[in-house]
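Protein chains: 2
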Amino acid sequence: MNTYTNRQWIYSKRPENVVDERHYSLQTTSLSTTELKENQVVLKSKYFSLDPYMRIQQSALETWERPHPLDTVQGGAVVGQIQDIHPSCREFEVGDWVLSYTGWQEYAIADVSGLRKLNRDEVPLTTALGILGMPARVAYFGLQDVGQPKPGETVVVSGASGAVGQIVTQIAKIKGCHVIGIAGSDEKTKYLKETLQLDGVINYKKFTTQKEIHLELKRLAPQGVDIYYDNVGGYITDAVIDSINTYARIIICGQISQYSDGLDTPNLGPRFLHKMLYKRAKIQGVLARDYNNRMPELLEEMTPWVQQGLLHYKETIVNGFENLPKALNMLFYGKNTGKLIVEV
Amino acid sequence: MNTYTNRQWIYSKRPENVVDERHYSLQTTSLSTTELKENQVVLKSKYFSLDPYMRIQQSALETWERPHPLDTVQGGAVVGQIQDIHPSCREFEVGDWVLSYTGWQEYAIADVSGLRKLNRDEVPLTTALGILGMPARVAYFGLQDVGQPKPGETVVVSGASGAVGQIVTQIAKIKGCHVIGIAGSDEKTKYLKETLQLDGVINYKKFTTQKEIHLELKRLAPQGVDIYYDNVGGYITDAVIDSINTYARIIICGQISQYSDGLDTPNLGPRFLHKMLYKRAKIQGVLARDYNNRMPELLEEMTPWVQQGLLHYKETIVNGFENLPKALNMLFYGKNTGKLIVEV
Chain A
1 MNTYTNRQWI YSKRPENVVD ERHYSLQTTS LSTTELKENQ VVLKSKYFSL
51 DPYMRIQQSA LETWERPHPL DTVQGGAVVG QIQDIHPSCR EFEVGDWVLS
101 YTGWQEYAIA DVSGLRKLNR DEVPLTTALG ILGMPARVAY FGLQDVGQPK
151 PGETVVVSGA SGAVGQIVTQ IAKIKGCHVI GIAGSDEKTK YLKETLQLDG
201 VINYKKFTTQ KEIHLELKRL APQGVDIYYD NVGGYITDAV IDSINTYARI
251 IICGQISQYS DGLDTPNLGP RFLHKMLYKR AKIQGVLARD YNNRMPELLE
301 EMTPWVQQGL LHYKETIVNG FENLPKALNM LFYGKNTGKL IVEV
Chain B
1 MNTYTNRQWI YSKRPENVVD ERHYSLQTTS LSTTELKENQ VVLKSKYFSL
51 DPYMRIQQSA LETWERPHPL DTVQGGAVVG QIQDIHPSCR EFEVGDWVLS
101 YTGWQEYAIA DVSGLRKLNR DEVPLTTALG ILGMPARVAY FGLQDVGQPK
151 PGETVVVSGA SGAVGQIVTQ IAKIKGCHVI GIAGSDEKTK YLKETLQLDG
201 VINYKKFTTQ KEIHLELKRL APQGVDIYYD NVGGYITDAV IDSINTYARI
251 IICGQISQYS DGLDTPNLGP RFLHKMLYKR AKIQGVLARD YNNRMPELLE
301 EMTPWVQQGL LHYKETIVNG FENLPKALNM LFYGKNTGKL IVEV
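Line by line, the protein sequences are chains A and B. Heads up: the first sequence runs through residues 1 to 344, numbered per UniProt numbering. Heads up: the second sequence runs through residues 1 to 344, numbered per UniProt numbering.
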């Protein structure tokens with residue numbers, strides 16, 4: 001019998017604006033292998049995924065599922081290692097690395113049905129949270145299924161250096177598109193331009209109005225925008241919508257500019273639906289979960305891309321379990337480039 | 001040789017708000033059959049179609065085509081009768097009734113390639129402008145291709161008693177949907193309820209805020225909205241978007257609330273794209289012209305519906321060529337029920 005001291009971050013207070021340490025409390029419990037039931041394992045967490053959707057679940061609104069319950073461990077994807085295993089489990093063994101959804105705790109009991117086995121000889125373990133994980137799923141299928149990019153089309157990506165954006169931009173390049181990335185610092189746009197080889201980049205912080213961003217976009221893409229993959233929303237999105245072509249496809253993957261204060265009481269922005277009309281454009285919201293069952297298809301195509309270095313990716317790694325709430329907050333100030341992860 | 005005195009309404013000034021007589025001038029010219037070239041006819045106009053899209057074309061913005069040129073005859077669909085015919089025309093003869101796009105003039109020279117022959121023994125001539133014309137096209141294909149209604153789903157239609165709305169609501173009923181119509185007077189909602197047999201109606205003028213309309217919608221459709229067919233935009237649309245279900249489809253056919261002052265300088269409204277995200281909803285703009293080549297399919301299915309009285313329709317007929325600009329203005333104050341037509 002093993003017993004572990006288990007620290008957990010409890011989501012304890014609903015945020016009204018940005019989420020940070022004030023909305024969490026740290027709790028220490030213990031976890032014993034005597035609790036293991038059939039087909040269960042004890043995991044030791046190693047890498048925690050930090051994702052903007054966490055803030056949507058903290059809204060009091062009915063979102064894509066019930067709001068995250070208060071006074072429970074903050075949910076989230078984790079890469080961990082199996083420490084103990086119920087004798088009934090055949091497919092896994094102690095020492096295996098797995099992806100699980102066991103949230104912000106140092107140890108967790110997990111049903112094996114919810115685990116994906118990882119092979120760290122094939123690709124780094126953190127890729128299961130980013131370039132070959134949930135962000136990849138919504139990037140790969142959102143761009144291709146909804147966007148249907150054709151060679152020569154112009155694709156604009158907001159939040160282009162984020163976990164999802166960096167993947168979308170590169171798949172769009174692979175598909176032969178003219179790709180413009182929007183991000184919030186010179187460091188980020190340098191990464192987009194020099195490493196990801198995008199055709200154009202915009203540091204939106206250098207512009208103060210929708211109109212100025214629109215004009216810069218017009219300079220970079222005088223032929224107009226065929227596909228807009230939006231992670232950000234707000235006035236950046238307004239500026240891109242002003243540039244869309246007939247039959248444009250707009251993929252709504254995120255609206256991070258709205259998550260801190262615009263969920264419960266929406267911000268105001270210019271009405272634009274009349275443009276959807278005369279441009280016969282389409283807007284569609286996508287969530288990674290809708291493509292869960294197509295993950296094998298993605299891994300088959302994208303794993304070699306990662307192994308061969310055809311896909312670049314950045315990760316921002318924060319150390320220390322105690323920093324999880326602080327790290328989540330970083331997302332809403334754009335402090336990460338690429339996938340944001342906490343390592344313990 | 002015949003010569004006709006021909007009055008024409010010239011679009012002479014770009015409106016900044018609502019369009020009315022100030023933006024037109026009446027011109028009298030003459031038209032002689034000596035002008036007829038190969039495959040051309042002289043038409044005498046009988047019924048003029050008044051449509052909200054005319055106002056979009058008058059915006060200075062790049063819309064779905066170039067803005068309507070100033071100092072030209074106002075474009076538009078017309079039902080007319082052939083008066084004279086070039087001997088080269090084989091498919092038509094004098095006296096034939098046709099649908100043409102010759103605009104606001106009493107007589108017109110038209111190429112036969114742009115004419116659709118009408119049979120007034122089959123259905124009334126005015127149906128070619130409404131229930132079996134352009135509004136039907138965008139209603140029939142917009143609802144079915146984009147909306148894909150399934151029996152038991154809830155369909156909300158704004159501008160429900162307008163030329164397009166009255167068709168959409170009835171097709172949705174035929175498809176087995178729970179249909180709620182929004183319109184702007186008790187007379188209109190009575191028509192929707194009693195004649196079109198809708199499941200629920202809302203006179204939006206009885207409510208003053210988005211929230212109140214949302215609550216009324218919630219009362220009428222506690223199960224939420226699966227399809228929203230929007231002819232109106234503005235705060236009515238905000239209220240419906242607050243009620244959408246997962247995988248909702250929103251068809252943007254019109255945004256008439258925005259045409260008078262919101263095209264050039266957009267009105268402000270609440271940002272809602274984050275809802276598209278967590279509801280995985282789709283918004284798509286549709287124009288009748290995109291379905292022009294599928295008109296035979298529509299006529300084959302819908303003509304019997306009209307002949308058998310399965311589809312009801314209203315028309316608002318204004319008499320007198322001189323009233324065309326005034327009649328166009330009526331659209332933007334909701335003074336028509338069903339298709340708005342000027343008869344001469």
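It is worth saying that the hints were derived from the structure and are not from the lab. Given the structure is predicted, the values throughout are model-derived calculations rather than measurements. Please note that the accuracy of each hint is not assured.
Repeated chains share a single entry, so a pair holds when one copy, or any two copies, can fit it.
[Unchecked claim] In the PhoX-like style, the derived pairs of lysine-lysine whose C-alpha atoms are separated by at most 25 Å in a straight line are:
{"hint": "1", "residue 1": "206", "residue 2": "44"}
{"hint": "2", "residue 1": "314", "residue 2": "205"}
{"hint": "3", "residue 1": "37", "residue 2": "173"}
{"hint": "4", "residue 1": "37", "residue 2": "117"}
Evaluation of the provided hints:
1. 206 to 44: Neither way: residue 206 and residue 44 sit 44 Å apart in one copy and 60 Å across, limit 25 Å.
2. 314 to 205: Classified as within; 21 Å inside a copy, 54 Å across copies.
3. 37 to 173: For residue 37 and residue 173, neither the intra-copy (48 Å) nor the inter-copy (52 Å) Cα distance is at most 25 Å.
4. 37 to 117: within (20 Å within a copy, 77 Å between copies)
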